[in-house]
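Colleague: Protein chains in written order, with numbering that gives the first Met the number 0: chain A, 0 to 332; chain B, 0 to 322; chain C, 0 to 348.
Hints should not be assumed to be uniformly reliable.
[What the hints assert, rightly or not] Here are the simulated lysine-lysine pairs, DSSO-like style, with alpha carbons at most 30 Å apart: (1) B:Lys11 / B:Lys305; (2) B:Lys24 / C:Lys157; (3) B:Lys38 / B:Lys2; (4) A:Lys22 / C:Lys236; (5) B:Lys88 / C:Lys257; (6) C:Lys236 / B:Lys69; (7) C:Lys236 / B:Lys118; (8) B:Lys24 / A:Lys146; (9) C:Lys157 / B:Lys11; (10) B:Lys261 / A:Lys264; (11) B:Lys3 / A:Lys264; (12) C:Lys157 / B:Lys79; (13) A:Lys264 / B:Lys266; (14) A:Lys86 / A:Lys201; (15) A:Lys260 / B:Lys38; (16) C:Lys236 / B:Lys129; (17) A:Lys86 / A:Lys125; (18) B:Lys266 / A:Lys252; (19) A:Lys260 / B:Lys261; (20) B:Lys79 / C:Lys257; (21) A:Lys284 / A:Lys297.
These are computed hints drawn from the structure, not numbers from a lab.
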Amino acid sequence: MSELLLNIQNERLSFFTPAGEVKALNDISIQMYEGDVLGIVGESGSGKSVTAYSIMQLLPHTGRIIGGTIDFNGHRINDMTEQDMRKIRGNEVSIIFQDPMTSLNPVYTIGNQICEVIKLHTNKNKKQALERAEELLSLVGINEPGKRLKQYPHELSGGMRQRVMIAIALACEPKLLIADEPTTALDVTIQAQILELMIDLKEQLGMSIIMITHDLGIVANMCQKIAVMYAGKIVEYGPVDEIFYNPQHEYTKGLLRSIPKLSEKEHNRLVPIEGTPVDMLNPPKGCPFAPRCDSCMKICLREMPQYTTINDGHLSACWLLQKKEFMQGGEEN
Amino acid sequence: MSKKLVEVQHLKQYFHAGGSMFNPKYVKAVDDVTFYINKGETLGLVGESGCGKTTTGRTLLRLYEPTSGKVIYDGKDITKVSMLPYRRKMQIVFQDPYASLDPRMTVGDIVGEAIDIHKLAASKTERHDKIIAMLERVGLNSEHANRYPHEFSGGQRQRIGIARALAVDPEFIVCDEPISALDVSIQAQVVNMFEDLQQDLGLTYLFIAHDLSVVKHISQRIGVMYLGKLVELADSYELIFHSVHPYTRSLISAIPVADPIKSRESKRIVLEGDVPSPVNPPSGCRFRTRCRYATELCATQEPEFKEISPGHFAACHHLDKVQ
Amino acid sequence: MKEKKNPLSFQLDVSDFLPANKEEKESLVIMRESVSFWRDGLRRFEKNKIAMTSFIIIILVFIFAFVMPQFYPYSYEQQIRGSENLAPMAYSEPELALKAAGEKVFPHILGTDSLGRDTMIRLMMGSRISLLVGLVASILVLLIGSIYGTVAGYFGGKVDLFMMRIVDIIYTVPDILIIILLMVTLKYPLKDLAETVPAFSWINVIGVGLICIFIVFSLLYWVGMARIVRSQVLTLKEQEYVTAARALGAGSGRIIRKHLLTNSMGTLIVTTTLQIPSAIFTESFLSFIGIGVAAPMPSLGSMASTAIDGIYSYPYRLLAPALMISLIILSFNLLGDGLRDAFDPKLKN
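Just need the whole structure built from these sequences, with the hints factored in.
Modeller: The structure is reproduced here in structure tokens:
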């Protein structure tokens with residue numbers, strides 16, 4: 000039985016901006032075991048990146064956790080000081096960002112940037128660190144690693160830079176790797192390379208991955224469990240096959256219906272989700288998806304739905320499911 | 000009998016990339032591209048970054064002056080003429096809904112700019128009516144006309160951009176990655192809108208995108224570009240299910256499928272290496288550095304873009320070997 | 000069966016599960032109130048206390064310089080015999096005699112100078128000259144600089160190269176030297192012009208020096224503005240909305256007017272506002288060294304210059320103009336800073 004690596008319980012997080020309070024996360028709960036690959040799917044404003052940053056406490060000063068707990072690898076993240084966090088960032092948990100162009104410092108060599116993280120968390124000297132860096136570069140599939148160590152970020156292509164980011168993230172063999180839209184800025188053929196690399200590395204090093212993306216195709220391929228987020232709430236959570244073949248939340252269903260499928264032989268009109276994404280400064284009371292939902296009921300506009308368990312490990316927060324339960328309960332009576 | 004509305008012949012677009020006066024270097028963004036688009040159809044143009052698809056679209060509209068080659072519109076050679084009358088017939092929708100709208104202009108003025116330039120309204124009320132009509136056609140309403148772009152979401156801004164393009168009553172629209180910057184749940188709305196507009200107004204589209212799934216959905220024919228060259232062109236169905244060029248094959252196989260069982264079963268063709276630099280493209284066939292079927296012939300001779308079956312064009316020396 | 004809902008009951012009300020209609024859903028989607036760039040900037044400006052204070056001070060100075068002289072009984076060139084070198088609020092003997100005779104004599108609030116001229120009114124007129132010079136010179140700089148910079152930035156290529164080399168050359172020209180040379184050469188021709196042609200008699204009033212200052216500003220001082228405008232235009236013309244305008248068929252004139260200049264407006268206003276104190280200072284400095292406004296028209300600089308001789312006996316004669324210059328320049332600088340903070344789009348969150 001694998002260990003519980005990450006346990007987020009009822010996290011609530013808000014950004015206190017001059018324009019008002021932005022309730023970015025509204026009662027999020029996630030459990031990850033060692034070796035899991037979790038996909039967090041959502042659009043802009045859904046809170047998926049914020050969830051990841053809150054695990055690593057990398058939020059801007061306007062962001063604050065106002066409720067719930069985050070337990071990672073035996074640490075209570077909410078209670079940790081900045082100093083303690085620095086010891087585990089890059090060491091037990093790492094993150095790779097979306098844009099490799101801006102995540103690497105343009106004025107330092109690749110070797111320098113990889114060694115930085117090695118020297119921070121281990122007591123290797125410069126020579127040993129460089130050796131390890133070279134090892135890491137070949138691990139991530141960069142050819143001529145010795146030469147690359149001396150190069151600067153602008154000399155590498157987008158795909159290579161992302162590999163360097165992965166190398167930096169893996170330098171201290173973290174237990175959890177968070178990938179925040181790592182391939183959105185890359186071409187599709189390069190994306191395929193990077194995703195394959197990540198799966199290989201996971202097998203080799205036995206780490207867990209949180210894959211944050213808006214692309215359902217990526218999570219279908221890589222992840223075992225998926226959390227679908229909308230406006231700061233996890234609206235559906237479950238094993239990958241359940242989510243794709245038995246979606247229960249209207250938002251998940253809507254997303255799956257609205258993407259064009261390459262394998263379709265006829266031209267079927269896409270079924271979009273009507274309406275526009277939520278304004279997080281003025282979120283509606285009740286279910287955040289209600290204004291866009293075809294099956295919206297009166298109660299959906301007033302109250303936040305509770306989670307219904309559909310089957311083992313598959314949960315969804317929707318009044319329709321509660322209604323079904325209620326009806327079934329009523330029939331039994 | 001379909002009529003060719005837009006045609007490009009041997010279009011080249013080279014940009015200066017430094018080098019000395021005697022040995023100037025060029026980025027060969029578009030290098031000898033030939034295709035046509037029939038009236039009322041959508042031609043999709045796909046490829047990855049640096050392939051030249053966006054440059055092709057803009058050069059076609061003469062937003063860049065072509066280095067050489069011809070652009071033909073409705074039978075007339077418009078490569079060197081004054082574009083002002085053609086700006087009414089040929090329009091463009093941009094990728095970035097945040098950058099393509101002037102932040103200091105109201106939505107009404109943005110949509111009305113074309114009306115002002117081409118003097119399409121005789122009075123202020125007529126102008127106002129036309130603007131409202133455009134906004135309503137794209138699903139916005141009259142009270143939006145006095146607001147500023149920053150007050151709208153990405154999807155709504157893209158609709159404003161479309162309304163702007165429609166204000167001149169065009170026949171042909173270049174859609175330059177119009178949905179890439181939008182959220183997934185909004186993309187379907189905008190794609191449907193493009194289709195509806197095409198049907199209602201008889202528009203012809205050049206749909207440029209890197210997402211092959213969307214392009215296949217909306218286009219009748221698709222062209223695939225790589226490093227400035229067209230490598231394959233065919234009907235959408237043909238291209239997806241019977242593609243012949245190795246690059247097209249790997250592009251199709253690289254697309255993540257939103258279907259866990261299918262994606263576990265499918266074998267991926269993963270290309271090695273990165274896209275070469277467009278300043279120094281490989282000799283002969285440009286794809287040869289990443290192609291598993293490459294031979295010496297591919298390094299010395301550029302393959303010809305020729306018709307291999309009715310309506311299906313490809314440029315490759317080893318089509319028979321490609322499995 | 001619809002039962003009355005007991006507020007304490009946990010039973011779900013069946014009617015809650017009826018579908019919601021369109022109006023109910025739409026009522027939740029409210030658009031935030033519309034705010035244009037200017038209103039947004041003004042709001043930010045109003046919140047900035049220092050900027051608002053400077054703005055009010057400037058308004059007060061304007062009133063002081065332009066409105067108050069109408070109500071002041073003395074005029075700037077009026078030399079009152081017997082009332083020379085009076086201390087502030089003091090009366091001379093002839094004036095005391097007048098007062099004894101029952102007449103009302105307005106006090107000299109800041110005293111008088113060595114020729115019996117009231118210092119206060121001269122201070123007002125001096126401020127007026129400084130403000131006028133500051134404003135007119137800045138507007139000249141704005142017009143010439145922005146047109147030049149826009150043309151160079153928009154057309155680019157060889158045109159830009161050529162135009163900016165001219166700017167580089169102008170930068171190297173020593174401005175004070177040119178002013179002095181111009182003054183020396185133009186002094187007599189302009190004087191003759193003023194005497195022979197009645198329409199030009201105002202030349203004598205404001206002085207050849209001031210005219211030379213304006214000429215030099217128009218010739219030399221616009222280059223800073225030109226560079227700033229050019230760099231703005233260079234950035235803005237690459238924006239996608241400019242390409243969009245071209246795709247619609249807009250010509251260069253329209254693009255420059257409607258897109259480039261409107262989007263540079265913030266920068267232009269701020270730069271001009273910050274140009275004003277520099278112009279005022281230049282004028283004061285030149286008047287101080289004797290090249291500015293001609294006597295008897297006072298300038299804050301010339302008042303300071305004449306006051307230096309009597310600095311130990313009559314310190315207020317130096318203090319007044321010096322403080323005035325400082326106040327005007329500081330207020331305009333703070334105003335410019337406040338405007339920049341309010342309208343700089345990068346600071347918008």
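Colleague: All hints are to be evaluated individually against the structure, with a verdict given for each.
Modeller: Cross-check of the supplied hints:
Distance check on the hinted pair: Lys11 (chain B) and Lys305 (chain B) sit about 18 Å apart at the alpha-carbon level, within 30 Å; holds. The hinted pair formed by Lys24 (chain B) and Lys157 (chain C) meets the criterion: a straight-line CA distance of about 20 Å does not exceed 30 Å. Among the hinted pairs, Lys38 (chain B) with Lys2 (chain B) is consistent with the structure: their alpha-carbon atoms are about 6 Å apart, no more than 30 Å. With a CA separation close to 38 Å, the supplied pair Lys22 (chain A) and Lys236 (chain C) exceeds the 30 Å bound.
A hinted pair counts as satisfied when its Cα atoms are at most 30 Å apart, and Lys88 (chain B) with Lys257 (chain C) qualifies at roughly 23 Å. Only pairs whose Cα atoms come within 30 Å are accepted, and Lys236 (chain C) paired with Lys69 (chain B) is accepted, the gap being roughly 27 Å. As the CA atoms of Lys236 (chain C) and Lys118 (chain B) are separated by approximately 24 Å, the hinted pair is consistent with the 30 Å bound. A C-alpha spacing of about 27 Å is found between Lys24 (chain B) and Lys146 (chain A), which places the hinted pair at or below 30 Å, so the restraint holds.
About 25 Å separates the Cα atoms of Lys157 (chain C) and Lys11 (chain B), which keeps this hinted pair within 30 Å; it holds. Taking the CA atoms of Lys261 (chain B) and Lys264 (chain A), the gap is about 16 Å. The hint holds against a cut of 30 Å. Taking the CA atoms of Lys3 (chain B) and Lys264 (chain A), the gap is near 27 Å; set against the 30 Å cutoff, the hint holds. For a cut-off of 30 Å, the pair hint linking Lys157 (chain C) to Lys79 (chain B) stands: about 23 Å separates their Cα positions.
Between Lys264 (chain A) and Lys266 (chain B) the alpha-carbon distance is near 20 Å, which keeps this suggested pair within the 30 Å criterion. Distance restraint check for Lys86 (chain A) and Lys201 (chain A): the Cα-Cα separation of roughly 23 Å lies within the 30 Å cut-off, and the hinted pair is therefore satisfied. With a C-alpha separation of about 26 Å, the suggested pairing of Lys260 (chain A) with Lys38 (chain B) holds against the 30 Å cut-off. The hinted pair formed by Lys236 (chain C) and Lys129 (chain B) meets the criterion: a straight-line CA distance of about 28 Å does not exceed 30 Å.
Taken as a hint, the Lys86 (chain A) and Lys125 (chain A) pair is honoured in the structure, with Cα atoms around 20 Å apart against an allowance of 30 Å. Taken as a hint, the Lys266 (chain B) and Lys252 (chain A) pair is honoured in the structure, with Cα atoms around 27 Å apart against an allowance of 30 Å. With a C-alpha separation of about 12 Å, the suggested pair Lys260 (chain A) and Lys261 (chain B) falls inside the 30 Å cut-off, and the hint holds. For the suggested pair Lys79 (chain B) and Lys257 (chain C), the alpha carbons sit about 27 Å apart, so the restraint of at most 30 Å is met.
Taking the CA atoms of Lys284 (chain A) and Lys297 (chain A), the gap is near 12 Å; set against the 30 Å cutoff, the hint holds.
Figure legend: structure checked against the earlier numbered hints; the only hint not met is number 4.
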